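Q: Chains as they are written, first to last, in the working numbering: chain A, 117 to 345; chain B, 11 to 110.
The reader is advised that the hints may include incorrect statements.
Quick partial rundown of chain B residues pointing at chain A, CB under 7 Å, derived from the structure [claimed, not checked]:
(1) GLN23
(2) ALA30
(3) ALA36
(4) GLY38
(5) ASP39
(6) ARG40
(7) ILE41
(8) GLN48
(9) ARG90
(10) LEU93
(11) ILE105
(12) GLY107
For lysine to any residue, the following SDA-like pairs were computed, each having C-alpha atoms within a straight-line distance of at most 20 Å [claimed, not checked]:
(13) B:LYS63 <-> B:ARG92
(14) B:LYS63 <-> B:ASP17
(15) B:LYS63 <-> A:PRO231
(16) B:LYS104 <-> A:ASP151
(17) B:LYS104 <-> A:PRO231
(18) B:LYS63 <-> B:GLN23
(19) B:LYS63 <-> B:THR12
(20) B:LYS104 <-> A:LEU150
(21) B:LYS63 <-> B:THR83
(22) B:LYS104 <-> B:ALA36
(23) B:LYS74 <-> B:THR44
(24) B:LYS104 <-> A:ASP145
(25) B:LYS74 <-> B:ASP39
(26) B:LYS74 <-> A:ARG226
(27) B:LYS104 <-> A:ILE152
(28) B:LYS74 <-> A:GLU141
(29) B:LYS74 <-> B:GLY107
(30) B:LYS63 <-> B:ARG90
(31) B:LYS104 <-> A:LEU142
(32) B:LYS74 <-> B:ASN56
(33) B:LYS104 <-> B:ASP39
(34) B:LYS104 <-> A:VAL229
(35) B:LYS104 <-> B:GLN48
(36) B:LYS74 <-> B:LEU93
(37) B:LYS74 <-> A:ALA147
(38) B:LYS74 <-> A:LEU142
(39) B:LYS104 <-> B:LEU16
(40) B:LYS74 <-> B:ALA42
Hints are computed from structural coordinates only; laboratory data are not their basis. None of these values were measured; they are calculated from a predicted model. In this text, a Cβ means the ideal position worked out from N, Cα and C, and glycines have one as well.
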Amino acid sequence: MTTHDSASSPLEPELDVPLGEDEGELPPDAASALDIIRAQRSAVRDAAEPDTRLLLAAWGVAWLVGNLLLFATARGTEPATPAGWAFAIYFVLLGGAVAVTITNVVQRSRGVVGPSGLSGSMFGWAWTIGFVGVYLIMTGLMRAGADPVLVNLGWSSLSCLLVGVMYLAGGAMWQTPVLYALGAWIVLVGGAATLAGLPGSFLVMALAGGGGLLVGALVMHSRYYRGAR
Amino acid sequence: MTEAELDPVIHSQARLRVVAALAQFAPGDRIAFTKLQQVLNMTPGNLSTHLRKLEDAGYVEAVKSFQGRTPVTHLSLTARGRLAFEDYAAALTKILGGSS
């Protein structure tokens, strides 16, 4: 049930304190009043916006380490086939990045309701929907008889394309140039990884893809204390 | 423009923090009391005192609801409150521009 409060009814009446308790605390001057406004900007960002640095770092580590393992174990085999344990570690790392992302986003968006929460959750679902699409396409290609090399290239390139385009969309939606640039980069990485063939594709994904995400995290971090997006 | 002419409802350290924090959220977003308290690091009593003043001035709207059996208050700036904050921030810039 939701009721609109009239202006005269007190908020949290049980915690009431007398009015005028710190009425004397005026901002010392106009400059410090502006500082107070700036400080609230960072306080809200830290409490209510997902920490892009953390998310990019988690995904960057997963891509870098996972694909390096795939590359190392596939090198020298013919046709290039990564070891099963390398795939297992990669999936654990990806699962970890998913967990970090969901935890951070849920924690930061808790307690805020309204239009920005709605667009945030639509954006979140777009990832899930996109990856369901990738999964269905890959399943279809495998059923149609795609060989293992094609399947490996397909997973990497389609995933890169989806991640890159989602970053482009996120960058556009939240006016975050760094995220937008990173999206463009990841789309190109997807193309380059496919052109490189196996096992070079894994190395491109690790260094240019994972490395790119980590550089993105560092750039976001360097802008963090300047309050830039 | 002098500091004496600044909107007295906003021109207090605590209320300026409340209004500036609420202004960071998109129009239409509502923020739970506990979340706002966490952002501002204020005691519940202190925060509700200032929120009531802002509500009385028509700058802040409080909506009460229940999450299960727990009452929750969500807060947002009214259009009038957002305008007052923008005017206040513009006035500050003007004062600083004039004095330097």
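Q: Check each numbered hint from earlier against the structure, then list the numbers of those it violates in ascending order.
A: 9, 10, 12, 15, 17, 19, 22, 28, 29, 33, 34, 35, 36, 37, 38
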